[in-house]
Amino acid sequence: MGDFQAPYDILLISYLIVGDLNNARFLWKRIPSQTKQQNPQLGALWSIGQALWNENYPLFYASVSAYEWNVMIGTMVSILIEQFRQKTFKLLSRGFSMISTNTISTHLGLSPEDTLQLIAERGWEEHPEIEGMFKPKPIEEILREGSSLADLQSLTNYVVFLHK
Amino acid sequence: MEEVVNNVFVLSEVDLDDLKERLENSQEIILRSTPDQLEQAITQLYLPTGDYTLGLLYLLSVKCILEFDPTVFIQQVTGFISSANSVQLRKAPAKFRLLCEKYTDICCQENPIIAIKPLSEAIWKIGNPTGNLLTPQHWMLLKSAILAKCYHAVVPHLKHSVYNIENTLTNVESKDVRLFYYYGGIIFLSQKEFRNAVEFFRNVISSPALVTSVIMIEAYKKYVLASLIINSTTTQVPRYASNGLIRHVRSLCSPYEEFATSYRTNSLEDLSKCLENHSEEFVKDGNFGLAKQVLESLARENIARLTKTYLTLSIEDIATQAGLLDGHLIERVLSMIQKGQVFAKINELDGMISFHESTEKYNSTTTLQYLDKQIHETIGLYEQLTTIDNEIAFSNEYIHKILRSDRGGSRSWSGMDEDDYNSSLAMSMSGM
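Line by line, the protein sequences are chains A and B.
By the count of numbering that gives the first Met the number 0, the first sequence reaches residue 163 at its end, each step adding exactly one.
By the count of numbering that gives the first Met the number 0, the second sequence reaches residue 431 at its end, each step adding exactly one.
Worth flagging that the hints you see were computed from the coordinates, not collected in a lab.
Treat the hints with care, since some could be wrong.
As the list claims (entries may be wrong) - Quick partial rundown of chain B residues pointing at chain A, CB under 7 Å, derived from the structure: (1) LEU333; (2) ILE336; (3) LYS338; (4) ILE345; (5) ASN346.
Ideal Cβ positions, reconstructed from N, Cα and C, are used throughout, including at glycine.
Using the sequences and the accompanying hints, generate a full structural model.
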């Protein structure tokens, strides 16, 4: 068989980035235990997966920084963190009418100072009387309009079909 | 043995039917040959171009009933399938089926992931080019995927509509159909596509049958659990399923029936108690994970139901009303908001959650694309149906049946029948 080592770690982190936790779980079950023992990085990656699966925000941010990743995996983990933060930020904007700085910090894995800075950047209003409570600003989704030649072709096909 | 091999060499290009007959007759000889002779013959006949597929098939299938070394066998069959010639394979579908079944068995004991790619190829080779023929190899592939935990690899086979059966070409039996839908349902469960899973399990339990089968019983258990997860208010079986059999199956699955009744009370407490009571049975059937998902689904449903009654509700009230005891309600609701299961806004200041309507206006390009895809699929389906309809209308049996009923109905028209018959024949001639 030679020295070929299946790139389980890259596959696992890729599943996490695209959000396919299901198949990440099955991949973990499939990996032979010997490989798991020889590759502690894999176990560390799976801890991230478990945190995501259980939607445990503090644990996620803890597990992504708990290990010294090698260069390639490290880059991908950074991508994961960034993407996860953005997704969570959108969720918080959508899901809260009033939110405390504490909640924001835990969900985004940021220190209190960084949190306040982020809120200021995004223009969230502070509650006039109570400190530490903010009103999220809803994020405008950009609707992309415009059809193309392919759409015209589809429409023609439909009309022909309906006339049969 | 020499003679057998020579026959294969000579007749494979020339006359496959004759070769098949001779091979059928020489099975005794092959059985009685020594393992060395057998191995030698196999090596002689193996060619990457698959010229001697039929001969090799018979030799390998005889090997199935003898003692053999699993690793060598796996290698040989894997090589065989990838080099096999479809035309020759179709001459002996029963043997191919036997071979694949044994191959699946052995692989599943050693390392199931090996079997996935070859069986996938086997389906294409024994089936037809458009790939809508159901073959015995379908369920073998699904079973290997399940045991290898490689579920995603076979989802395309499930999504691709398989609706034709040709016993002569593929040697498919009713058991194969049931197994296909059962294993297919399990794979959909793994991918959390519960609606598709329910459909597949429904196909198993409503298959025409005279007696209940184990497949049907196991499918029914999963059917109940899966339909609870998608919150079907009933787990009713379609009308065309056999009533007597369903009653029998239900009596064998009483823990599941109790579980379903418990679900309908909407009480999380009752459901958890029921789960604990029957946990042994669920674990034995391998359905415990699924049952826990049902529990989750009830919690979600309880929260979602509150949106129909209340505009705003405090967090504690939601917890009590939904019967949830844990303190992570905010997280839970946040998760539901993300998945689009509920539309709400949490107010941490006064601990209230206000529900609102979906903000989806359906005016984006995503909606357009989705609509486009659905229309496309419908048109495709319509064309498929028209083809099948035409095939039946022009088939001899149908024409005969119509004319027979005509003839029986009105004797005075007997003169016209000849013309009718001739014109129908003419239609079928030109239609083909």
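Right, here's what the structure says about each hint:
| no. | hint | result |
| --- | --- | --- |
| 1 | LEU333 | 5 Å, holds |
| 2 | ILE336 | 4 Å, holds |
| 3 | LYS338 | 10 Å, violated |
| 4 | ILE345 | 5 Å, holds |
| 5 | ASN346 | 4 Å, holds |
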